[in-house]
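Colleague: Residues per chain, in single letters:
2 protein chains.
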Amino acid sequence: MILKVPQGKRLTKQRSIILEELKKNRIHPTALEVHKLVKKRLPKISLATIYRNLKFLQSNGYIMSINCESCNSERFDGFTDHHQHFSCKVCQKVYDMNKSKSDEVKVNKKEGHQVDDYQIIFNGICKICLKKEKQYI
Amino acid sequence: MILKVPQGKRLTKQRSIILEELKKNRIHPTALEVHKLVKKRLPKISLATIYRNLKFLQSNGYIMSINCESCNSERFDGFTDHHQHFSCKVCQKVYDMNKSKSDEVKVNKKEGHQVDDYQIIFNGICKICLKKEKQYI
DNA sequence: ATACTATTGATAATGATTATCAATAACATA
DNA sequence: TATGTTATTGATAATCATTATCAATAGTAT
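Which chain is which? The protein sequence lines are U and G, in order.
For the record, in the first sequence the residue sitting at position 95 is 94 according to numbering that gives the first Met the number 0, with numbers rising by one throughout.
For the record, in the second sequence the residue sitting at position 114 is 113 according to numbering that gives the first Met the number 0, with numbers rising by one throughout.
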């Protein structure tokens, strides 16, 4: 019996353009928002393709995803360098948080679990929403 | 004009029992799992009441919630002391992580956001699933 | 050119969560 | 204790994000 070598997954035009859009700015869009962005360049692209390919890009290490409480759905991030996120409970936006000196978390190994990675999400009110709120005081 | 004093929200029987179940053990169940647990004591309780009251308990500080990538839905935690979580990508369970010395994260204030709190989620494979995997090697 | 596999677009299906609403329970006041 | 008022509940419908299905198309290898 001949074992078929699993064919390497290609970076199709749809996949490249999704990736490009995510790498344009340090934004953290939902799948729906990615669809909106990508449709400007590929008007016929289906939302299913967006979901499928976001998953593909993620499991192949091209992008990462963020789940937080005040985001109502999953967010995607085209930058995979180690950094943290801030989630605004007013406008639901997710911002990058630049590394602060002491946010290197030491993993507690006593529990016996195999820890592959970790993420920190900061919650609060973003700069812009803070400013808006002040106008009403 | 007379301003009505907003009536304090009561801790009804349904709410107390949901809270009790969450405080029995350091578990992190989904809304559906909470429903299952509570139905043993209140067989007529509706799933809508579970969702409504989990939200109520959370926004009144009785419980907290956890959103992570490999959990497919929101988890609830009856313990609100500051602690972190580990999420197993194999069995989808969420475990408590006891505090390690250096997991006090200093918040970067340069961004200008108002940070109310933060959470750390560790991802990997839990002790139990690790053991199971070894059996097949 | 031909055969084969991966990918896509369109759309249906699923699953979690939220909204609606009539019935009930709790509370305050007479 | 009866009565009016508001909050809460249970049942169920509706919504929204995500996933599955499947025929058509594109890409690759021979």
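Treat the hints as calculated values from the structure; they're not laboratory data.
Computed from a predicted structure; not experimentally measured.
Just so you know, even glycine gets a beta-carbon here, dropped at the ideal spot from N, CA and C.
Mixed in with the good hints, there may be bad ones.
[To be verified] Pulled from the structure, derived: some chain U residues nowhere near chain G, Cβ distances all over 12 Å: (1) E32; (2) K38; (3) R40; (4) L46; (5) F55; (6) G123.
[As the list claims (entries may be wrong)] Listed next, the in silico DSS-like pairs over lysine-lysine satisfying Cα-Cα at most 27 Å (straight line): (7) U:K109 - G:K39; (8) G:K105 - U:K105; (9) U:K12 - U:K43; (10) G:K98 - U:K108.
[To be verified] Per the computed footprint, the stretches of chain G lying under chain U, defined by three or more beta-carbons under 8 Å from a beta-carbon of chain U, are: (11) 34-46; (12) 111-118.
Colleague: State for each hint whether it applies.
Modeller: Structure-based check of all given hints:
1. E32: holds, 19 Å
2. K38: Holds, because the least Cβ-Cβ distance between K38 of chain U and chain G comes to about 26 Å, which exceeds 12 Å.
3. R40: The claim holds: R40 of chain U sits with its nearest Cβ about 28 Å from chain G, beyond 12 Å.
4. L46: holds, 20 Å
5. F55: holds, 16 Å
6. G123: violated, 4 Å
7. U:K109 - G:K39: violated, 35 Å
8. G:K105 - U:K105: Satisfied, since the Cα-Cα distance of roughly 13 Å is no more than 27 Å.
9. U:K12 - U:K43: OK: K12 of chain U and K43 of chain U at ~12 Å, within 27 Å.
10. G:K98 - U:K108: holds, 11 Å
11. 34-46: violated (count 0)
12. 111-118: holds (count 8)
Hints 6, 7, 11 from the earlier list are contradicted by this structure; the remaining hints agree with it.
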